[in-house]
Amino acid sequence: MATTTLSPQAESYRRSWVLDWLTTVDHKKIGILYIVNSFLFFFAAGLLALVIRSELAVPGLQFLDAPTYNQAFTMHGTIMIFLFVVPMLTGFANYIVPLQLGAPDMAFPRINALSFWMLPLGGILILSGYLFGGAAAEGWTGYAPLSSNAERFSAGVGTDLWIMGLVLVGTSSILGSVNFITTIFKMRAPGMTLFRMPIFVWTVLVTAVLILLATPVLAAGLIALFIDRNYGGSFFDPASGGNPILWQHLFWFFGHPEVYIVILPAMGVVSEILPVFSRKPLFGYRAFVYATIGIGLLSFSVWAHHMFTTGKVFLPFFAFMTALIGVPTGVKMFNWMATMWRGSISFTTPMLFAIGFITMFLIGGISGVILASPPIDFHLQDTYFVVGHLHYVFFGGSVFGIFAATYFWFPKMFGRRLNERLGKIHFWIHFVGFNLAFFPMHSLGILGMPRRVADYDPNAGWTIYNLISTVGAFMIAASVIPFLINVIATFINGEKVGDDPWEANTLEWATTSPPPPHNFDTLPPIRSERPVFDLRHKHDAEHLHDGEADLVAPEGGQP
Amino acid sequence: MRGMVAVLRLRTVLQVGLLVAVAVLLGGCLIPPEPETTEAKATFGLYIVVLVMAAVVFIGVEGFILYSAIRYRRRDDRLPAQLHGNNLVEIIWTAIPTVIVLVLFVLSISALGTVQAKSDHPAVTVEVDAFQWQWTFRYRDDDNNPDNDYSVTGSAAQPPVMGLPVGVPIRLLLHSQDVIHSFYVPHFLIKKDVIPEPEGQPENQLEFTITQAGTYAGQCAEFCGNEHAAMRFTIQAMEQADYDAWIAAGRAGKSPPPAAPSGAAVVDLSAHNIAFNTNSLQVPADQPFVIRFKNDDAVQHDVAIYDGQTELFKGAIVDAGASFDYSVPAIPAGQYDFICTIHPTMSGKVVAQ
Amino acid sequence: MTAEPMAAVARHLEPPHPEANRGLAIPLVGMLLFIASEVMFFSGLFAAYFNARANAAGHEWGPPAPASELEAWPLAAILTIILVTSSFTMQFGVWAIRRGDQRALRRWVGVTLLLGVLFIAGQLYDYSQLGFGIGDGIFGTTFYTLTGFHGAHVFGGVVGLTILLARASSGQFSAQNHVAVEAISFYWHFVDVVWIALFSILYFLR
Ligand code: HEA
Ligand code: HEA
Ligand code: CUA
Ligand SMILES: [Cu+2]
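Chains as they are written, first to last, in our numbering: chain A, 1 to 559; chain B, 1 to 353; chain C, 1 to 206.
Misleading hints may appear alongside valid ones.
Unchecked claim - Straight-line Cα separation of at most 20 Å, EDC-like style, residue types lysine to aspartate or glutamate; simulated pairs: (1) Lys312/A to Asp77/B; (2) Lys424/A to Asp178/B; (3) Lys538/A to Asp129/B; (4) Lys312/A to Glu197/B; (5) Lys41/B to Glu207/B; (6) Lys312/A to Glu199/B.
Unchecked claim - Derived CB-CB ranges, DEER-like: (7) Tyr231/A to Gln240/B: 25 to 35 Å; (8) Ile120/C to Ile96/B: 57 to 67 Å; (9) Tyr231/A to Ile92/B: 51 to 61 Å; (10) Phe195/A to Leu79/B: 56 to 66 Å; (11) Val84/C to Asp120/B: 33 to 43 Å; (12) Tyr125/C to Phe195/A: 53 to 63 Å; (13) Tyr231/A to Arg167/C: 21 to 31 Å; (14) Leu205/C to Asn459/A: 13 to 23 Å; (15) Leu79/B to Arg98/C: 54 to 64 Å; (16) Ala316/B to Gly62/C: 53 to 63 Å; (17) Trp21/A to Ile92/B: 46 to 56 Å.
To be clear, the hints were calculated from the coordinates, so they are not data collected in a lab.
Each residue gets a CB set at the ideal place from its N, CA and C atoms; glycine is no exception.
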């Protein structure tokens, strides 16, 4: 493996750097490609969100007609999930996981490159609908028969391009998950036992398993959809023996695991950052691992909570399983809280975003459990309450995690730390804007405003909440500007920091910043889940005794 | 030192207090609309309980995070005790959420029983036909001939009105001609998807008993294509007698009463012994309003509004004993005459301001 | 950041890492995981098939009259025999190279490749005989989707086998080094198993 990664590096000085990046199979460069690509798609989907919010600010159709609006939220949702959050977290995993395992690279460097390059291609396919008479406009959930009957309901190639793009993106993440699982099981450094792996690696492992088992089902569904649309198939056509509800089962069997696919790695990020800036080990490492696995298992038995109002699913079972997921997630919450408890907490930008994650994800989680109660869901399903829920978990969860990771690992990737003052400005505008934008959506939903409407009744008393939400959306947009300035300024003359600026715990900090192509010249001994911490405090008597404890029970577990 | 800590405690107490205040404030905008069916009341009760549970979890967790963030912020370079975990607390905080979940589950399922209860003899059965992008409401009557059933089909400009009696069980049979729609009435706290069923499959049904007469806005809640937003409708709940008159008028082919625009002012007017009960109506200027007209007479009456000779509004004729909601277009501020065109002696003044 | 260099370097210089030595070779792990995802893919299609059957409860289930895919079942049976045999020939190839017998490897891979091609040809002929198409109702849709995607996978296997044959002919494999052969054999067996499931469900479970 090592040699395959070395070769392109060795001769890189002879190539142009562009060619070097286009052909690289180095997991670190590929990781950065993932991250940059994802940010671009984030801006695109974010701009669509601003369009949506501008239209909804007040009743009446000001800027868009209904079809354009429907394309806007469909593309917004699809791009944000499939081309921003998932690839972004995959990007960080790509860069960090081999380092945290003390591995020289991923198990399959070339496949790694392949799965990246499928992404921009898929994304462009999905968006290219705009060039061919309109993008897909059936919502990111693409419910049949609206999406499956091209002649009657959804003419135009937009939806076909959407299907092809998603199949491509799905294949990309399946190959990626194969790569991650193999890497985690086969490429660990000596001493790196499963229960000494950083939590981030654990979350990536479980995520990869979810992707491996859930995404192919979506692919099957999408192909069925394509056949119905283009080859007269009747999978979802009630007129000729098909069943529209089948699509919802196939989609949500994938769709619900998907939402944990986008949250688990973000939880992993937070679980790396909280201990570092509380200067304590993660509380209840082993419990946390089991909770992660538990969420992974449960996530396959709850999909029909998106179908409560179809009258076609067994409500008690899915309601119970759904609420049950709150338990392992709660265990994580409480472990994070206990990690901060009696710590020595410093409020760096990564830490602010991590705390932002746990405080905001809590809200999304609770609204989720409220939705898990069928009678309540009968009222709230497909209203803005759901839109509020999904943004509190996606944005308040995954996106806060993504920015935390960006500020946390930037010095490892480039040897320079992002400016802390600008970072804090970014955080606070982001945080306030986020709550302004999405909290009022709960009220809207409870008052009965349906989602996916371009216009609404001016007498319904929804206007004020929509106005506030729009203001918040533009605040979020504004918060992106200090961030972009920060990144550029840091590249020009950012503060050069050492290999381990945060006094962190895991192996990626045991090598140089940025790491050499082969990642490590030397590896510290791995006797716990915090090898670098152990190394830093080798001679710290009070800790040595702890280090021994680590030897006996690496995860701590018992006090 | 100790003093400092005390100050700090005070600060955090204040901060937590603030958090609680904010939470309560926000809680204010998290209350659903007044529930207007027996089923909705069950859901409403459940929701309030759940909301309180949620608030407790929310305040507890956020409070704790805020407290530790302030109390344990880094002061010096001393390394805090390296606490790795504690199995007992892990068990405790696995058990607590489990209990919450079980309680939530039991409450939900019992409420679900009420919400989904089916009566064997619904007083009114309406076939709801959803199509891109409007509704048809067909009232089943005793004979099995659908052709003579009273039915109303809406348009984007004129959404359909579903008149319904209060206090009796209503059953809706939900059919779709094309894609999946969803029948949603916020005030009833319920929606049900309207699905194009493969033949042989049973259609979705919705049952409720309205408790309060009034006009309730409804809308399609499942995205169904371009004009999804335009799939609105109105439910007009009336006392049984009024309903009988309403449906009679409908069956007799008279134009079914239009919906009162939601939120419009309603003024009452009644007729008895060839006379109105009042000779002056106070109405808002420049906005549509509703004249809720009750004909307590033995003969037919109607209501029309004139500005001098020019007719501003002329309502349909209302049978003896029946009631009717006239929705009147906006009229500018000023004084006008209202009369019964059948009995011009019946008249009064409309004062718009 | 100073670690104990010697010890660490020593550790780093033993590629592949000890963990990697234990258990399956890395490419085989990858292949097995990939096959797991393929299983889920076909599960999705099978779910669609059974869902359709469940809805058809009451009406008779099958191809639109007059065509009956039952008439074609003898051909399908022959195809089954071909594919199952090919699984054995593939395995013989694997055993051969484990012994280091390169000629036997070439022979067996060649035979497997031939049988694969034969299967595809037979499948296409079968399609041409069936009196109904993918657009003729839910049975046609599920039938052609399931068999079609299986056929596509057989084709993928055939491509893999061709490459394998080429590499075998240039003597790239030995008793120690033949991971590719093992990997392709995993995949080929998987394709075989899927067909057996398809055959028994489409033709006999009714
Ligand atoms: C990151 C993505 C993400 C995450 C993590 C979640 C997490 C959860 N979601 Fe959400 N969900 C979405 C993304 C996500 N969801 C999206 C995108 C949709 C809309 C799809 C669409 O239609 O477009 C959706 C929709 C959705 C619905 C359907 C709404 C509808 O359309 O009718 C439901 C219903 O049950 C639901 C439930 C839950 C639950 C119970 C959780 C749980 O996992 C939450 C668990 C967390 C907590 C509970 C908080 C911490 C716990 C404690 C502090 C312990 C104590 C608390 C209790 C025991 C209650 N979600
Ligand atoms: C991770 C997922 C994610 C994220 C981050 C977001 C972010 C945002 N989302 Fe959305 N959203 C979804 C996932 C997400 N969303 C999904 C799945 C749906 C459902 C879709 C459906 O119904 O099918 C949805 C639907 C949805 C709706 C409902 C539409 C409807 O139902 O009619 C709304 C409405 O306000 C909305 C708003 C927003 C806003 C204001 C943001 C903001 O947070 C955006 C903030 C980001 C920016 C503003 C970009 C900043 C960039 C610039 C300012 C330009 C600079 C550019 C350069 C320098 C090149 N989203
Ligand atoms: Cu009909 Cu939305
Ligand atoms: Cu879900």
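Each hint, compared with the structure:
The suggested pairing of Lys312/A with Asp77/B is violated, with an alpha-carbon distance near 60 Å, which exceeds 20 Å. Of the supplied pair hints, the one linking Lys424/A and Asp178/B is violated, its CA atoms being roughly 52 Å apart against a limit of 20 Å. Simply put, Lys538/A and Asp129/B have alpha-carbon atoms about 75 Å apart, too far for the 20 Å limit, and the pair is violated. With a C-alpha separation of about 11 Å, the suggested pairing of Lys312/A with Glu197/B holds against the 20 Å cut-off.
For the hint pairing Lys41/B with Glu207/B, the CA-to-CA distance comes to about 14 Å; that is within 20 Å, so the pair holds. Restraint check for Lys312/A and Glu199/B: satisfied, since their Cα atoms lie roughly 15 Å apart, inside the 20 Å limit. About 55 Å separates the C-beta atoms of Tyr231/A and Gln240/B, a value inconsistent with the hinted range of 25 to 35 Å. For the pair Ile120/C and Ile96/B, the supplied restraint of 57 to 67 Å holds, since their beta-carbon distance comes to about 60 Å.
Distance hint for Tyr231/A and Ile92/B: a CB-CB separation of about 58 Å, consistent with the stated range 51 to 61 Å. The hinted range of 56 to 66 Å is not satisfied by Phe195/A and Leu79/B, whose Cβ atoms lie roughly 23 Å apart. Take Val84/C and Asp120/B: their Cβ atoms lie about 58 Å apart, and the range 33 to 43 Å is violated. Distance hint check: the CB atoms of Tyr125/C and Phe195/A are about 56 Å apart, consistent with the given range 53 to 63 Å.
A hinted range of 21 to 31 Å for the beta carbons of Tyr231/A and Arg167/C is inconsistent with their spacing of about 37 Å. The hinted range of 13 to 23 Å is not satisfied by Leu205/C and Asn459/A, whose Cβ atoms lie roughly 58 Å apart. For Leu79/B and Arg98/C, the hinted distance range of 54 to 64 Å is satisfied, since their beta carbons lie about 56 Å from each other. At roughly 58 Å, the beta carbons of Ala316/B and Gly62/C sit within the given window of 53 to 63 Å.
At about 51 Å, the CB distance of Trp21/A to Ile92/B agrees with the hint of 46 to 56 Å.
Violated hints for the displayed structure, listed by number in ascending order: 1, 2, 3, 7, 10, 11, 13, 14.
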